[in-house]
Amino acid sequence: MTRYLTRSFVLLGLLAVPGLALAQDTVPPVEQGVRIGITYTPGMRPGMLVLGGARTALLDSVRAILRRDLDYSDQFEMITLPGGDSIVLGVSATRGGAAGPVVSATDDVFVNYSLYIALGADFSVAVLPGRDSSELAVTVYDVRGETQRGRIPLTVTDPSAPAFRLAVHRAADEVLRAATGEPGFAASRLLFIQHGTLHRIDADGAALTAVSPAGVTAFSPAWHPSGAQLVYTALASGWGRLVMHGVGTGSERTVRPTAELLNYTAAFAPDGESIAFTRSGEGGTDVYRYNLARDCCLERLTVGRFSDNLSPTFSPDGRQIAFVSNRVGLPQIYVMSVDGTGQELFAPFDYGVTGSSNAPEWSPDGMQLAFHRDVAGSPQVFVMDTRSRVVRQLTSAGRNEDPTWAPDGRHVAFISSRTGRRQIWVMDIETGRVRQLTTVGDARLPAWSPRISEPTQP
Amino acid sequence: MKFKFALTLGLGAMVVAAACGGGQPEVVMPTVDSAAIRDSIARAEAARRAREDSIARARAEEERIRRERAEAARRAAAITAEVRSMLSSVINFDFDRSDIRPGRDTDMLQQKLAILQANSALRIEITGHCDERGSDEYNMALGMRRALSAKQWLTDRGIADGRITVRSMGEEMPVDPGSNEDAWAANRRDAFGITGGGDALVKPAGM
Chain A
1 MTRYLTRSFV
11 LLGLLAVPGL
21 ALAQDTVPPV
31 EQGVRIGITY
41 TPGMRPGMLV
51 LGGARTALLD
61 SVRAILRRDL
71 DYSDQFEMIT
81 LPGGDSIVLG
91 VSATRGGAAG
101 PVVSATDDVF
111 VNYSLYIALG
121 ADFSVAVLPG
131 RDSSELAVTV
141 YDVRGETQRG
151 RIPLTVTDPS
161 APAFRLAVHR
171 AADEVLRAAT
181 GEPGFAASRL
191 LFIQHGTLHR
201 IDADGAALTA
211 VSPAGVTAFS
221 PAWHPSGAQL
231 VYTALASGWG
241 RLVMHGVGTG
251 SERTVRPTAE
261 LLNYTAAFAP
271 DGESIAFTRS
281 GEGGTDVYRY
291 NLARDCCLER
301 LTVGRFSDNL
311 SPTFSPDGRQ
321 IAFVSNRVGL
331 PQIYVMSVDG
341 TGQELFAPFD
351 YGVTGSSNAP
361 EWSPDGMQLA
371 FHRDVAGSPQ
381 VFVMDTRSRV
391 VRQLTSAGRN
401 EDPTWAPDGR
411 HVAFISSRTG
421 RRQIWVMDIE
431 TGRVRQLTTV
441 GDARLPAWSP
451 RISEPTQP
Chain B
1 MKFKFALTLG
11 LGAMVVAAAC
21 GGGQPEVVMP
31 TVDSAAIRDS
41 IARAEAARRA
51 REDSIARARA
61 EEERIRRERA
71 EAARRAAAIT
81 AEVRSMLSSV
91 INFDFDRSDI
101 RPGRDTDMLQ
111 QKLAILQANS
121 ALRIEITGHC
131 DERGSDEYNM
141 ALGMRRALSA
151 KQWLTDRGIA
161 DGRITVRSMG
171 EEMPVDPGSN
181 EDAWAANRRD
191 AFGITGGGDA
201 LVKPAGM
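Residue numbers (our numbering), protein chains in the order written: chain A, 1 to 458; chain B, 1 to 207.
Looking at chain B on its own, in the form it has when it is part of the complex:
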């Protein structure tokens, strides 16, 4: 502000001198230190830049945090989706049987067990299905037995009974409408669905 005042004063004096013309007493021009003015301007400019940089840095930091959070959420969602996908994989059965087959099916159940252990709020339902060959009414009961078999396997390994509900659709919801061995094998299954606590799932250690 002081700098601006000095500049105004100097200019004012020059105007007065010009207006008075010759014959007037000589006016002493004030000394204008233009280097100091430039320096002042530069300092002001630097301060302004510094402020702007500071704001930009803050904004960048904000953006970085936002991105990181979004990335974390994306990663969490991806993990949840992956865990949900692992959870929803079906297990299959032999014709007119409801016992769990060792091998792929027990591996699948082992995976579901670990997921249930790592996500204590997670609740699931198991729906048993049958192929079209058995008696329609009997298949409702057989589907329920298949669902109960998988539930038993999980509760035997420590999962609380109340976290798993069982259902059956008999032969009413085939995944493959065909009438051949491949279709029948695919249709004899337990499907796994989430009934609660599945919005944010964590992956079990070691998976």
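So that you can see chain A by itself, here it is in the shape it has in the complex:
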């Protein structure tokens, strides 16, 4: 203990943090080799420290997943210290002189705000055993404000249980909500096509699962707003039917009027009651709408004749549909009212200069539209501010296509060939930070789910 104290005081002296007064018995057991203040790089983002504490397989797993989720939110500067998980919450103030870390969140804890500030933290998160053996408590601290921001109960017992990861992801989203006011996207999943089979994967890259049955060539998947259902195209001999698939049950049924011709790129209206989709056949390629709730009323929204109209995406208020049309000779992004009236160019382009633009997807907050546009022969991901219609290019390395929005409206997943093979990458459009999500053989046509909040969803 003396050694720790001496070392700690030396380190703290180096940091020269004013107002950092530690009683002797409240000094945390900083391990040898910790270099406080060296690995922390101050940035624009608030610092986040995931605290250590009692160690079990369960607690270690929860902390690791939580830490990764918070990192992937791109909202924080994650504070990484060698031996960092030995930084614990503090010691119980009620124990007086008794040394040792607090291992129960039910204790009357002393939170060592001064130390966390010294480490660069603005927020810290503790994962500790809760009131009974089946419950953990995830507590969020506002370090600068020296207050507790939230306490999220987490009922998990077995890290190998199927529902474990999703439960921790939901807790991570609540941590984010407690810290920033908005939940993240940790409890969400992506669909994509690999060699004709529909797959899904968690937003952190775990739990890769095949979704479509063997022998079906799947294409253009989309989520229902509830996250409990999805739709995809089952291709056979040049025709494609839309298949509704129950995520929990695996049940499938064909959307009635799509049993014939080639139907694809389905998108749900925000209320989940109707879908818009592309139909190709004798009459060309046009956008249609169908009321699923009433199982009726197929409406043709565009009449192409000499042009193709495809890839519809609803605005979050359900009043508009953006789509692709090549009515000027090459595909560009258009917008119309949900009844097909008022069709006009949406994303501006210079005739003869701007390349083909495809695959639009409206952001969850309605403020932006993501799409890809050919630049020097390669597709690149763009976003457009839907009010000012100012377009911004997000990518430039390799081929980058088919963007899809995360439920937080700040991350975009897309297919990139920058490493040689088509994989899903995720970009934080505020910082430009990218990470590779998949390492599969081949990935195409990603579709990001809404937040999966229902406990009944596996």
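Simulated from the structure, these hints should not be mistaken for laboratory data.
Note that the structure is predicted; figures quoted are calculated from it, not measured.
In this text, a Cβ means the ideal position worked out from N, Cα and C, and glycines have one as well.
It cannot be assumed that every hint is accurate.
[As the list claims (entries may be wrong)] Pairwise CB distance ranges, derived in the manner of DEER restraints:
#1 A:ARG300 x B:ASP94: 29 to 35 Å
#2 B:ILE79 x A:GLU282: 27 to 33 Å
#3 B:PRO177 x A:THR431: 34 to 40 Å
#4 B:ARG67 x A:GLU252: 53 to 59 Å
#5 B:ALA160 x A:SER226: 43 to 49 Å
#6 B:ARG84 x A:SER226: 36 to 42 Å
#7 B:ARG97 x A:GLU282: 16 to 22 Å
#8 B:ARG84 x A:GLU282: 22 to 28 Å
[Stated by the list, open to error] So the derived list for chain B, only partly shown, Cβ under 8 Å to chain A, looks like this:
#9 LEU87
#10 SER135
#11 ASP136
#12 GLU137
#13 TYR138
#14 ALA141
#15 MET144
#16 ARG167
#17 SER168
Got chain A sorted already, so can you dock chain B onto it with the hints?
Frame of chain A, contents of chain B only:
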């Protein structure tokens, strides 16, 4: 039958003569005309042969007809296969285009047109395909446009609309999985398949 009877009678008389021995009245041996018998046998044999020859000739004729029919069927099947092969040849397209290129591709379509004209029951489907470079979703529409282009070419020349269906597989079914100019050029295509009336096809005149 008469001949056989005479022979039996003669032999019977000889036996009787032998059994009676000496001292008995002389028995007059019946005259056996062995030449007539041989002649009879030969005629019978000839008749039998004639019958057999007749049967063999009939069988040979039957076999010849059977062979001819088999040969005709084989020739018809070969012609059908040849016509099917001509029909299934693909036409290709330029990048991001769906217009029919004059030259080889119009020659191919001309051949298909003649086949459709010569086989009025024949119905076909045209499936458009794309290379991997365009947008995946847009390629579905582009494939359909390519199929419609070929259909339009044929219906403009008198083929009934209902005999041709159109489909698209976008970039989902490449014939060459490579990522180079040759592969892309091969993958930008219309494929032609038979949907009905294709069991026995005739070759158009002049082919």
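Checked hints:
no.	hint	in the structure
1	A:ARG300 x B:ASP94: 29 to 35 Å	30 Å, holds
2	B:ILE79 x A:GLU282: 27 to 33 Å	32 Å, holds
3	B:PRO177 x A:THR431: 34 to 40 Å	37 Å, holds
4	B:ARG67 x A:GLU252: 53 to 59 Å	55 Å, holds
5	B:ALA160 x A:SER226: 43 to 49 Å	47 Å, holds
6	B:ARG84 x A:SER226: 36 to 42 Å	50 Å, violated
7	B:ARG97 x A:GLU282: 16 to 22 Å	20 Å, holds
8	B:ARG84 x A:GLU282: 22 to 28 Å	25 Å, holds
9	LEU87	17 Å, violated
10	SER135	4 Å, holds
11	ASP136	6 Å, holds
12	GLU137	5 Å, holds
13	TYR138	5 Å, holds
14	ALA141	4 Å, holds
15	MET144	4 Å, holds
16	ARG167	2 Å, holds
17	SER168	6 Å, holds
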